[in-house]
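Novice: Now for the letters of each chain:
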Amino acid sequence: MFTIFKNEEPKESFEEHLLEHFDSLYNFAYRLTRKREEAEDLVQEASLRGFKSYHKARIINFKAWMFTIVRNLYISNYRKNSREPAKVNYEEVENFISLPEFTGFEEELFSETLQQSLDQLPEELRTTLMLFYVEELPYKEIAEITKCPIGTVMSRLFMARQCMKKKMIQLAKKEY
Amino acid sequence: MDCQKFQEYLYAFLDGELEENLWAEMEKHLSSCPMCFLELEKERKFGHVLKTHLIKEKAPFTLRETVVEQLDRSKRKFSWKYVFVRQIAPSFALLVIVVTTLFNLRPHGDNTFPIFSEAVENHLEYLRGIYPLEFQTSDIKEALSWFRGKTDFAVTPPHINLNKVHLVGGRLVHLKDKKSAYFLFEKDGYKISAFYTDLHDVSLPKASVKSGVKSLGMRLVKTEKGYHTIYCFHPEDGTACILVSDMPLEELEKLIV
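Respectively, the protein sequence lines represent chains A and B. For the first sequence, the positions run 1 to 176 when this note's numbering is used. For the second sequence, the positions run 1001 to 1257 when this note's numbering is used.
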């Protein structure tokens, strides 16, 4: 499953690879932690861990590999301190999905509104949604990073979309 | 394909992840169902909004600098470990292998214990008459008395059955730069050289396949250049008797006492 570790890349270029994807990594860390300070710590720690493993790992997709490290570190070191539940509250999500479909929302919804909606999603949905829409990764790579089957990625993405629609409507009604 | 089925595959279709065999069916349904078409467009629009409005946070410059500095520090630390593990350790291991191999492949016997080859060389030289005998006698007692006072050790009769061989004579020789007694015997046309010498400060040769030295009871045997050398060591006084001959080894062994 983890094809991101199969092939070797030039061994001298960890820093180059890292800096090339640095913003994506930071953004990913920030979306996970939702705190800038923690995101910075997470990126630093992940960078060092990645550097130490780089010469041993067989990497075909550096970005996906680093995302995996960031997420693993987040789960082991940061999530336990987080306010959010570790697992998706599927019942809650089901409630969102069962709500009547909204119509006519506009592209003019501000980015802040979207960000707020995203930040309120459970971590697993937030990560999946962000990896798909922001990082534009295919299902397969998201499955590798989040260590779950592709089917789970699809269902998480589905639930995340429904949640986002619902939350965006709530926010839009409240603020605009 | 009906609307329910279409809804099931809607996102995979939108996300470009739908299996190829379903594409045609989805498109066919879309062309005939305005409701599903509207649904698809709504979701496409929603996806577009997400893609375009979700902010991608840029990493702070200070973080970038900090990470680069940390990596530089780690590189310095890591490089020693890396150089050791990847280069020094394997090189050292290779060196050990090469040295061990060379040690095992080195010529045995002649270098570690040249007494065998030296005895053979001497045997040949005496046969060629390069060094003539200093005395000729068939009486072993006479021969022993001739050596008395000429060597640093007491010369005793060589380890050979004197009743089965004929003593020709002898002389003083140097083996390992030590004064040694040399006896020449004859048996059935074969010449047998017997070197009696003091080797108490010379390490004993070891029997091994590589060195070609075989153990024969308390004795060591080596064959080179068609000559058999039998080494009889006297641990009690450090002296040794070395017999050299080209007679068949089995016959030679029978003469040893």
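Bear in mind the hints are in silico, worked out from the structure with no lab data behind them. Treat the hints with care, as some may be off.
Straight-line C-alpha distance at most 27 Å; calculated DSS-like pairs for lysine-lysine [to be verified]: (1) A:Lys167 / B:Lys1045; (2) B:Lys1056 / A:Lys63; (3) B:Lys1176 / B:Lys1191; (4) B:Lys1164 / A:Lys166; (5) B:Lys1056 / B:Lys1028; (6) B:Lys1045 / A:Lys166.
Beyond 12 Å from chain A on every Cβ pair, some chain B residues (computed) [stated by the list, open to error]: (7) Leu1030; (8) Phe1046; (9) Ala1059; (10) Ser1211.
Glycine included, every Cβ here is placed at the ideal spot set by N, Cα and C.
Novice: Does each hint hold? Answer for all of them.
Specialist: Comparing the hints with the structure gives:
1. A:Lys167 / B:Lys1045: holds, 17 Å
2. B:Lys1056 / A:Lys63: Given pair Lys1056 of chain B, Lys63 of chain A holds - Cα atoms ~15 Å apart, limit 27 Å.
3. B:Lys1176 / B:Lys1191: Given pair Lys1176 of chain B, Lys1191 of chain B holds - Cα atoms ~22 Å apart, limit 27 Å.
4. B:Lys1164 / A:Lys166: violated, 118 Å
5. B:Lys1056 / B:Lys1028: Given that 27 Å is the threshold and the Cα spacing comes to 37 Å, the pair is violated.
6. B:Lys1045 / A:Lys166: Holds: Lys1045 of chain B and Lys166 of chain A sit about 15 Å apart, inside 27 Å.
7. Leu1030: holds, 19 Å
8. Phe1046: violated, 7 Å
9. Ala1059: At about 3 Å from chain A, Ala1059 of chain B fails to clear the 12 Å cut-off, so the statement is violated.
10. Ser1211: holds, 45 Å
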